[in-house]
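Read off the chains here:
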Amino acid sequence: MQTFGKPQKTIVFTIEDGQVTVETTGFTGTACEAASKEFTDALGGGTVSNKRKPEFFKTAEHAQSQRAGA
Amino acid sequence: MSHVEICAVVITDLPALKKACETLGVTFVEGQKTFKSWSTQYGTGENHCEHAIKVPGTSWEVGLLKADTPANSDIGSGVAESVKSGGKNGFSPAFDAYGTEGQAIASKLCKQQPNGLYTHEDGKHYFETLMDQYSVEVLKSKARMKGWQFQQKTVNGVIKLEVKLPN
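Going line by line, the protein sequences match chains A and B. Letter 45 of the first sequence, counting from 1, is numbered 37 in the working numbering, and no numbers are missing. Count along the second sequence from 1, add 6, and you get the number used in the working numbering.
Calculated cross-link-like contacts (lysine-lysine; reagent style PhoX-like; alpha-carbon spacing at most 25 Å):
hint, chain 1, residue 1, chain 2, residue 2
1, B, Lys25, B, Lys148
2, B, Lys159, A, Lys1
3, B, Lys159, B, Lys25
4, A, Lys29, B, Lys146
5, B, Lys159, A, Lys29
6, B, Lys148, A, Lys1
7, B, Lys148, A, Lys29
Rather than coming from a laboratory, the hints here were simulated on the basis of the structure. Keep in mind that this is a model prediction, so the values were computed, not measured.
Start from the sequences and build out the full structure, keeping to the hints where you can.
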């Protein structure tokens, strides 16, 4: 069954030169980091850099303002 | 897109390493405690390791050491030794890159640089080919455990693994 309005949650790993770049799409708020954590932990070398996209904060702010207005 | 993260890789998952070695056409030998190099061939010393990798076309081997350093060890004509204690909970590959024996290993497990060599400007070897294939196996194993679908493709030598989560 197709779910309308819900973007597909995807994690794309780009593996090159002994490092792995992780990009998440289709998540809201911090769910993306929770979903990828088990994978990144398994790689064993820790995080070199982590950039949160504007969408990350927008969804977080949105959720916060919704809670404040509730 | 929610976030972009860059991760370093340290070998900790031996079954994933074994699969990576099979894919690359080399042999992982779990529990082999010494590995061959110039120093063992000429009797100047013995290399101690925790596990080893055998590469076709050469009698020299890669040793997997308990180490504080990432995968960049070229032991040269010296000898290798795992750290006795306090090392990371993982393994770092090491080998002797000298001559045709060393190059047989480098060409199989390291990435060729634009200048045609497998050595970086800092004189080190980073085992990119091995570490990349190991990463693929670790990530695929995790996706399988979760029952999530994945698709792997390689474009211009760069491996991409796309994992789809259930909505």
